[in-house]
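Chains as they are written, first to last, in the working numbering: chain A, 2 to 292; chain B, 104 to 401.
Derived by calculation from the structure, the hints in this document are not laboratory data.
Note that this is a predicted model, so its numbers are computed, not measured.
All C-beta atoms, glycine included, are put in the ideal place defined by N, C-alpha and C.
Be aware that one or more of the hints could be misleading.
To be verified - Cβ-Cβ distance ranges computed for the label pairs, FRET-style:
| no. | chain 1 | residue 1 | chain 2 | residue 2 | range |
| --- | --- | --- | --- | --- | --- |
| 1 | A | TYR27 | B | GLN369 | 30 to 40 Å |
| 2 | A | LEU93 | B | SER303 | 50 to 60 Å |
| 3 | A | GLU186 | B | VAL138 | 35 to 45 Å |
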Amino acid sequence: MKSEKGGKDMKSSLQGSKRLGKFLFYAGNIVIGLIFVSPLIWMISASLKPEAKIFANMNSIATFFPVDPSLDNYFEVFRRINMANVFKNTLLYIGLILLFDLIVNSICGYALAKFSFKGRRLMLSFVAALMVLPMEALLLPLYIEMAQLGWVNTTRALVIPFIAKCFSIYMFYNFFSGVPNELLEAASIDGANPISTFFKIVMPISKTVYATVFILDFVAHWNDFMWPFLVMTGAETRTIQLAVQSFFSTSPVHYSAIMAALVVSAIPMIVMFVFMQKYYVEGIASSGIKG
Amino acid sequence: MSNERRLSGRQKSERLAAYAFTSPAIILLIAFLVVPMCYTLYYSLFKYHIIRPDDMRFAGLDNYAKLFHDGNFWKALKNTAYFTVIVVPVQCALALGLALLVSKRFKGVAAFRTMYFGPQLTSMVVISVLWAVLYNSNPNTGLINSVLTGLGMEPVNFLTNEKTAMNSIIFMSAWQGAGYQMMIFLAGLQGIPSSLYEASSIDGASKLKQFLYITLPSLKGTVKYVIMITMIQAMKLFTQPYVMTQGGPKNATKTMVYYIYTQGFQKGNFGYACAIAAVFFVIVVAMSLILQKFTNEE
């Protein structure tokens, strides 16, 4: 009897501590999560306030809430930055990179994974070795190359040097290595040549890897700063990050409008994330498993 | 016999297809990675100024000798090393901690994951501009200083004091980057079979012991990869100091890539800047090789 009662007590206290643990776990997550996003919330809140109000109430939680929200700051941003042009420049160059990136790197990755030919191993180690090469170490000669070709201030300078990517080749190589050989043999018995086998049979079943490389490279290029900053010097050819950076350092410095510009520049990323979250997260995660 | 010939015909067409498929990527990699890299090394041996491109004179190792006596170069090297040495452990530990917080399935887990990943949805330029405002030394306009003074502390000149400027950039960078590494850790954590934890909790192992003896050893490969990518990225630091401090105050946030930019693009000393770039290249490659070797031997 006695021992049974003791057992019950222990059980309920165990449950109690479990509940407390769960509460602390949630509380911890909420506090850390709020601290994590608070700068972003402040940015959005400030973008909706008039300039005179964004630094009022700095000592209270009210600084995170726009009291009389208005879109005036956004109108100012669109008045002062030619956003249509900036977005056109940015989406055009990223779109072109991605188009060629997906074709050029996927066929290369496929050949390395599935074809037997002389130099295959050499090419694989060539691609792997180039992966550690820091772009920043070759900006100067690359700039001279662009100047000699007359590509400075043209979309070509942003696109052509960045089509081939070792990392994308590796992603495709990994994926295509997993495609069963029986499938390819069956196609070749049916008389398909290696090239049409790829386009007609392999490509349609490989949408995941294309989506993953697409979103990873979209995000990477949306964030491009240093190279566009070096080769796109004209106001007309500015990309989004350059526009944001120069808006920050051009008078009149209206902090509320700057915050609005930051929000506008983040919108395409957020839209992409909402629609392609699965592939994006998987892409980040799978890169780690392989390494 | 005819069968054999057909086979070799297929091999031949496969070889042709292989060259057709690989050559665009390989040609582009050579043209825009290998060739510029060679030119970096080549130009570094010349006296080459952007205003006088025709007056390019061979200078042997003069640029490297000059580099050796250039205080600004050593300062940039030191700053880059400091940033890397601090930000890598801080950011990786933060990312692992966050991953542990949201690795189990529970109500709202997706929302918390998105919150921690949130800073990744904006670019480094956006984050740098935002934090330059948040770090403002006046507590009436800088959010962080207004919180500090609210807690009874003295306001800090985060970006205008040479002692705190780099640390401020480190803190911000870790905050922005951790969400990305968290996702990699999450995948690693999910790959650990739950039977391992079940067995050890029957044996009465504490959470801490489970973390030390199950979680960490199982994550070894992931940790190695995360450290590697964080380190390589850290050594390339440029955007944050460019947007937030212009390398100041007193060069406290001038990094190697920043110095390549200053010498090459602002001052036009292409030859000299290429020597800096060559040293930078060697350091990055050497560090990745050392890390790889070091972690493989264990």
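Each hint tested on the structure:
1. TYR27(A) <-> GLN369(B): 30 to 40 Å: violated, 51 Å
2. LEU93(A) <-> SER303(B): 50 to 60 Å: holds, 55 Å
3. GLU186(A) <-> VAL138(B): 35 to 45 Å: holds, 39 Å
Checked against the numbered hints given earlier, this structure breaks only hint 1.
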